Amino acid sequence: MSEQKKSYLHVVREKYCKGCGICVAFCPKQVLSLKNGKVFAEKPDLCIGCRMCELRCPDFAIEIRQKGEDEARAADAGSVDYEIPPEAHHA
Amino acid sequence: MSDVLKYFRQERLPHIWCPGCGHGTVTGALVRAIERLGLDKNKVCVVSGIGCSSRAVGYLDFDTLHTAHGRALAFATGIKLARPDLKVVVMTGDGDCTAIGGNHFIHAARRNIGITTIVMNNEIYGMTSGQYSPMTPKGMVGTTAPYGNVERSFDLCELAKAAGATFVGRSTTYHVPLLIDLIEKALQNDGFSVVESIGQCPTYLGRKNKIGGAVEMLNWIKDQSVNVKAAAALPPEKVKGKFLIGELHNAPAPEYSSEQGELIGRVQRNYSDIKGGLWECASNSD
Ligand SMILES: Cc1ncc(C[n+]2csc(CCOP(=O)(O)OP(=O)(O)O)c2C)c(N)n1
Ligand code: SF4
Ligand code: SF4
Ligand code: SF4
Ligand SMILES: [Mg+2]
Numbered sequence: 002m003s004e005q006k007k008s009y010l011h012v013v014r015e016k017y018c019k020g021c022g023i024c025v026a027f028c029p030k031q032v033l034s035l036k037n038g039k040v041f042a043e044k045p046d047l048c049i050g051c052r053m054c055e056l057r058c059p060d061f062a063i064e065i066r067q068k069g070e071d072e073a074r075a076a077d078a079g080s081v082d083y084e085i086p087p088e089a090h091h092a
Numbered sequence: 011m012s013d014v015l016k017y018f019r020q021e022r023l024p025h026i027w028c029p030g031c032g033h034g035t036v037t038g039a040l041v042r043a044i045e046r047l048g049l050d051k052n053k054v055c056v057v058s059g060i061g062c063s064s065r066a067v068g069y070l071d072f073d074t075l076h077t078a079h080g081r082a083l084a085f086a087t088g089i090k091l092a093r094p095d096l097k098v099v100v101m102t103g104d105g106d107c108t109a110i111g112g113n114h115f116i117h118a119a120r121r122n123i124g125i126t127t128i129v130m131n132n133e134i135y136g137m138t139s140g141q142y143s144p145m146t147p148k149g150m151v152g153t154t155a156p157y158g159n160v161e162r163s164f165d166l167c168e169l170a171k172a173a174g175a176t177f178v179g180r181s182t183t184y185h186v187p188l189l190i191d192l193i194e195k196a197l198q199n200d201g202f203s204v205v206e207s208i209g210q211c212p213t214y215l216g217r218k219n220k221i222g223g224a225v226e227m228l229n230w231i232k233d234q235s236v237n238v239k240a241a242a243a244l245p246p247e248k249v250k251g252k253f254l255i256g257e258l259h260n261a262p263a264p265e266y267s268s269e270q271g272e273l274i275g276r277v278q279r280n281y282s283d284i285k286g287g288l289w290e291c292a293s294n295s296d
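Chains as they are written, first to last, in the working numbering: chain A, 2 to 92; chain B, 11 to 296.
Hints listed in this document are in silico derivations from the structure and should not be mistaken for laboratory results. Bear in mind the structure is a predicted one, so any value in this text is a computation, not a measurement. Among the clues, some could well be false.
As the list claims (entries may be wrong) - Taking lysine-lysine pairs in the DSS-like style, the calculated list, with each CA pair at most 27 Å apart, reads:
id, chain 1, residue 1, chain 2, residue 2
1, A, 16, B, 51
2, A, 16, A, 68
3, B, 16, A, 16
4, B, 51, B, 97
5, B, 97, B, 195
6, A, 39, B, 16
7, A, 68, B, 16
8, B, 148, B, 220
9, A, 7, A, 68
10, B, 232, B, 218
11, A, 6, A, 44
12, B, 171, B, 250
13, A, 39, B, 232
14, B, 232, A, 30
15, B, 220, B, 248
16, A, 39, B, 220
17, A, 68, A, 44
18, B, 232, B, 148
Claimed, not checked - Chain B stretches covered by chain A per the calculated footprint, using a threshold of three residues with CB under 8 Å from any CB of chain A:
id, stretch
19, 32 to 43
20, 183 to 193
21, 222 to 232
Cβ coordinates follow ideal geometry from the N, Cα and C atoms, glycine included.
From just these sequences and the hints, can you work out the full model?
What follows is the structure, encoded as structure tokens:
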């Protein structure tokens with residue numbers, strides 16, 4: 002039996018994305034596109050999970066999770082409440 | 011893999027860098043290297059000077075210091091001597107490091123002090139609107155070189171090596187996995203480490219030289235880089251005019267703050283059997 006194909010989730014932080022197009026231009030599978038100046042995963046099924054988009058993004062605006070593996074941690078930073086400064090969490 | 015945001019002061023994001031600026035990519039590479047090594051946030055101190063690149067520390071959730079132009083290494087030297095247990099990282103620009111801060115750079119290398127220096131080399135003064143720097147390639151246009159720069163630029167890695175740095179590597183904002191690997195190795199070297207990251211400033215270098223935006227600049231950077239391992243097998247004409255990327259130098263040597271610490275211990279022991287100890291001895295001497 003062949004192993005089930007891995008699939009990936011594209012976590013996008015729209016608030017951070019500046020639409021520079023780096024991730025779109027260098028994705029080896031043309032998964033990503035820009036829409037109204039923000040990135041989105043147009044063809045997520047083609048993604049091979051190389052994470053080059055994530056590593057090259059200058060704005061920490063896109064992250065790749067493997068479905069069923071680390072997707073639980075996927076939270077949109079745009080929805081986090083920052084009233085308590087993160088510095089407060091470590092001495 | 012990573013949830014890199016835990017290393018950022020998220021309430022300060024998004025950052026102020028221009029769309030497509032390479033500095034964010036280098037900052038991301040640093041936190042990924044730190045995450046891989048599992049370093050304690052409270053044992054890492056990141057220091058910078060002045061420039062667009064130097065603003066990186068404002069976003070990082072470690073103990074950070076944003077200092078004076080060119081002086082990051084001077085401050086970092088003080089920190090490393092006072093707290094040799096810390097991982098001290100300097101994030102600096104090509105102008106900050108090689109123009110106004112050039113002297114600090116060569117002497118930090120000569121001493122082999124345990125500091126990891128990441129040079130975010132965009133080959134221009136970004137913050138002050140595009141003056142040429144000692145890293146601007148000959149012939150390129152800048153605000154202060156409207157007809158092209160006639161000066162030769164430094165090969166920073168060769169300079170670091172000659173001055174005494176014990177780990178030297180170069181990568182780019184296109185070759186990010188290599189950049190992360192190099193920073194990881196640099197952080198593990200007990201001595202002065204230099205990682206040069208060639209990156210894009212689309213707003214000034216790219217626009218003034220009509221290279222294009224961030225994507226075109228990354229292609230331009232990619233086309234000029236040759237991996238040091240591949241270069242060894244290539245005929246010289248294929249390597250001419252290009253820069254080498256990869257680990258360029260790795261020659262461990264005694265680290266400065268630990269040598270200083272040993273010296274202090276030795277002197278203290280010499281005088282410990284004198285009545286009143288070192289203090290008495292020092293105050294009685296002329
Ligand atoms: C003592 C002093 N001289 C000059 C300046 C002006 N100045 C600010 S940033 C900068 C150059 C920064 O270039 P670089 O280090 O390459 O950083 P980039 O902005 O390109 O990332 C200069 C000359 C200053 N702030 N302080
Ligand atoms: S690289 Fe980052 S900032 Fe640029 S378009 Fe992609 S997600 Fe947005
Ligand atoms: S992980 Fe790789 S294949 Fe998937 S979207 Fe990012 S760059 Fe494209
Ligand atoms: S001016 Fe250049 S170096 Fe400064 S933020 Fe903009 S692109 Fe980056
Ligand atoms: Mg610069």
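- [ ] Could you tell me which of the hints above the structure violates, numbers in ascending order?
- [x] Result: no hint breaks.
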